[in-house]
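Student: Use these hints to put chain B onto chain A, whose structure you have.
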Amino acid sequence: MSAWTSDSLRDPAEISPIVADPVLVRKKGRAWWLVFLISLVWTIVYVSAVFYTFMTGIGVWGNNTSAVWGFDIASYVWWIALGSGGTLISSLLGVTRQSWRASINRFAEAMAIFSICIAGFYPIVHLGRPMYFIWLAPYPNPLRLWPQWRSALVWDFWAISAYLIFSILFFYLGLIPDLATIRDRAKNKLVAQIYGAFALGWRGDRTQWAAQETLHKMMAITAIPLICSVHSVVGLDFAASLAPGWEEGMYPPWFVMGAVFSGFAIIEVITWCMRKALRLEAIITPAHFEVFGSVILASSILMTLMYAIESFSGWYGGEPAEIRRQVFQVHGWYNWLYAVEIFCNVLAPQILWSPKFRRSPAWVTAISVLIVIGMWIERILIILDTLSHDYMPSEWRLFVPTAIDFLLYFGSIGLFTFLMMMFARVTPASSMADTRELVAGELS
Amino acid sequence: MSRAVVAEFTHEHAFERAVKAIQVETNFQLVQTFTPYKPNDNDEADRRVRVLIRWSIIGGLIGATIIYVVQLLSLTLSYRFNSGGRPQNTWQTFLPAAFELGVLAAAATGFVNFLRLGRLPHLADPVFDVPGFERASQDRFFLALQPVEGASDLAMRLGALRTAEVEL
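Each protein sequence line maps, in turn, to chains A and B. Adding 13 to a residue's 1-based position in the first sequence gives its number in our numbering. Adding 7 to a residue's 1-based position in the second sequence gives its number in our numbering.
Isolated chain A, as found in the complex:
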């Protein structure tokens, strides 16, 4: 057997009970209920914070100052970046035929969908008049108004919408054969009918498998430029402006690289949680974590290069406002956050050079958690270092987040956790069809 599955697996037939039992058979334990209740509470907090913001106005946030973007846009960029990790696991690793993705791509894709939904809601919440977000779309109206097609914010609308619908189709396409397995294993007739309806009557015949695989490969290939374009457009939200520190050509590739970095980190954390919670040790092995460690280390080096390029081009360009911003980043009000960011994104991942740490799921997970935190701080600093220290000294003001800022942010994490818990209970968390094929190939 290879490193990607446990030596105890002797037959592809063993995959079905490992993955299907958490959905159909296994009772929810105390730990599940505890995490479920905590995430439900935070989801209610999130909804309440959104309602309070809608009823009162975005003045309840800390951005009632020259820092007009704060937690809202930082979190939006952060969530989109996390989501890209899920899509990249399925698409990039699928196109490069990395068989180790078979057991993790399902929850990676689900995570992508939830992240995109949460991210996409932020631009709506952050509007002073959120009911007018529909103006981003070209619908017939008596004012004869059209969207501003030349704005990166309108490109965002198309990018995020396309990415979300694409991700749902991609996820569902891979899920259909596994829904058929759940349909056929269910003892309860109603459960079998519900899963059977969503399985569309999948029979597993030659044409169905050929069509499913062909479409999956095609979508995987197109998903890679899609992710690159979505994150480039998110980067252009900043780069298409004239603000010091934002008006840089490297923003699109930097954001794409950041998406790869934080996306892989969050997938690693979720893999660790899923493996423990759903007892998937037979199909998610320490080899998976070692590969994650290697990818995260390589991404960290590239991110360090990006930071260095940003500093160099700022200095080389000689623009006074840009140089002032760079000095502010290191010596200004938020320099302590910058130190945390450098520690989390640049320094901490270097221990993964050591095979001892790279082969330890606990260490790789701990580093991944630091990276996820560090990348959120990076997004916040991208926004605050520029908006708090713009061209005009009269505009130099400190950003102080309010309680609503924090409740909305942590509430969104609670909502995400809640959605992942629900997903793990009603959907097979790993791809049974792909993993069976992997095991069959290893045994033959």
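Pairs of lysine-lysine, DSSO-like flavour, derived with a Cα cap of 30 Å: (1) K202(A) / K41(A); (2) K289(A) / K369(A); (3) K200(A) / K45(B); (4) K289(A) / K41(A); (5) K200(A) / K41(A); (6) K230(A) / K45(B); (7) K45(B) / K27(B); (8) K289(A) / K200(A); (9) K45(B) / K202(A); (10) K27(B) / K230(A); (11) K202(A) / K40(A); (12) K289(A) / K40(A).
Simulated DEER-style distance windows between Cβ atoms: (13) A311(A) / R164(B): 49 to 59 Å; (14) S90(B) / A311(A): 35 to 45 Å; (15) T97(B) / G262(A): 12 to 22 Å.
These aren't lab readings, by the way, just hints derived from the structure by calculation. This one's a predicted model, so the numbers in the text were calculated from it and none came from an experiment. Each residue gets a CB set at the ideal place from its N, CA and C atoms; glycine is no exception.
Tutor: Frame of chain A, contents of chain B only:
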């Protein structure tokens, strides 16, 4: 619709040997196979579904063209406004939305064709009445062959666990 014999195999190797033997056997035709994961030798089906890629490309190009034209017409005809004397036809700014919608349209077209080629949804297929067919999505391998006379004997000789006759 015609009658066929559906045979169940417990192991992939026996199933693959049976498929090869039936394809060589001149008196019988392999109508269909049903497997819990993609079969190894699926070249003929792969060739048949390649039309899916063609339709996806066409769908993607149509989607991208539509949104490109909408942007072009809205900015050059319907809602012209002077923005610092800049040209109206800023085609570079039309490309992001066109690309995104093109990819989405290609995916959606592909998905519709996937449903069409796989004959989905089809909740009440007669093959579901074959005893034990619920294991086709888990750990058993099924094949259907015609004509029914003598097919059952052939399948059992080739290592089938059991057979059943069904209208496919």
